[in-house]
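There are 2 protein chains.
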Amino acid sequence: MDRYAKQSRMLVAVDCIIFGFDGYNLKLLLIKRGFEPEKNKWSLMGGFVQSEEKPEDAASRVLTQLTGLKDVYMEQLLVFGKPDRDPIERTMSITYFALIDIKKYEKQLSDNYRAEWFPLERVPRLIFDHEEMVLQAKQKLRYKAALHPILFELLPEKFTIPQIMTLYEQVYEVELDKRNFTRKLRSTGLLIKQPDKDKENSKKGAFYYKLDRVTYTEKLTRFLNFISNPEY
Amino acid sequence: MDRYAKQSRMLVAVDCIIFGFDGYNLKLLLIKRGFEPEKNKWSLMGGFVQSEEKPEDAASRVLTQLTGLKDVYMEQLLVFGKPDRDPIERTMSITYFALIDIKKYEKQLSDNYRAEWFPLERVPRLIFDHEEMVLQAKQKLRYKAALHPILFELLPEKFTIPQIMTLYEQVYEVELDKRNFTRKLRSTGLLIKQPDKDKENSKKGAFYYKLDRVTYTEKLTRFLNFISNPEY
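Chains as they are written, first to last, in the numbering used here: chain A, 223 to 454; chain B, 223 to 454.
Don't read these hints as lab results, they were simulated from the structure. C-beta: ideal position from N, C-alpha, C; glycine also. Treat the hints with caution; some may be incorrect.
[What the hints assert, rightly or not] Negatives, chain A to chain B, calculated, CB over 12 Å:
#1 P277
#2 R312
#3 I322
#4 Q330
#5 D333
#6 A337
#7 P346
#8 E422
#9 K432
[Stated by the list, open to error] If you want a taste of the chain B side facing chain A, the calculated C-beta under 8 Å gives, among others:
#10 R225
#11 R231
#12 Q272
#13 E274
Isolated chain A, as found in the complex (with noise of 0.2 Å):
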């Protein structure tokens, strides 16, 4: 056993990036630091590992303490470990993230807690690496949002063109030209249009639309279909 002996001991972390579409905008939940070095700056929702705590349960403990959240699904994503990544000691970070319906959470979220929504393109500064994190998070979202009907899971049932547009735009970062995204995202097929409009939102009113779900999964697996069933 003398070879564990000679190792290096070091503390392990996990920080929590949440991203959350409330039906018109993409953002992301922040926390004030409650601790030295950097207390009250603005970071991703973080905290230590246990000695006897999986890193999974650290992450939703520390989600819960910090904001409220219960029952988040958090994947996890890269770990961090600058050797001299936080300036007190050194600290591995395992980073988790998660997209979810901000309406849906909203009531756990309370006054209690200081967590805040931010517009992605309104982000402050943030401590440490976490600026890194949080770009790493959103290319893994765009990956996955390319390749899975995830964004479609954050719009409520129905749903207009201007709102799954809008979706679109703030996760890629581009603005979207609105006759040809219509165009290309009903020839699609994947769209189910509604007969009744939303008139809220514009005087002339947009068409609800529901996803079609089969054809979504059809057009999914249809690339590489000469592979029966890759297990995705």
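Given chain A, work out where chain B should sit, using these hints.
Leaving out everything else, chain B in the frame of chain A:
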């Protein structure tokens, strides 16, 4: 800094999952562990992260020390962090994975090292949670291989249909129907037929093909092309 003082420090290790293809078989690189516990049992290539070392540098160092392999691009996979995964002391393990062309590296992997390639269907019992690590890496490989031309890149510049079928069969652990697979593969427009045949592996011979990279790239990006240039 009190908050830091009372935390648990732990060992952090890296484990490398190296898949290789030799033109005929998909294989996994393993080594007999050199120290207790579980000395001389089959293991992934692993070791501890040093105090001033980035985890990715630790992964490269460990791989070179144990196998002689240099300049292998490895991608970070998951952290394995169950508190009791190492019986001696709590050790977080960060896994890295790579898929390499065995022939390209065969000179580096000389008899000076005790690393061995095992066909994927004949991998021995592994220590700790290494079998679970391999399972996760296989899933990642399947996922990536369904989306990116990584399997095509492992083939020689000129390859035969039986060769690529074998590779897909081994990655996805399925038996493919030769006629069906050939027909679907041809219909993708991905292959450029060559005038000559490989006659080493069958009496009749099998025509050589090359990959049409332009078509491949187009196909990959077509599905969600209502998003202009998502950054993969």
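message: Of the numbered hints stated earlier in the document, which are not met by this structure?
response: Failing hints, ascending: 1 and 2.
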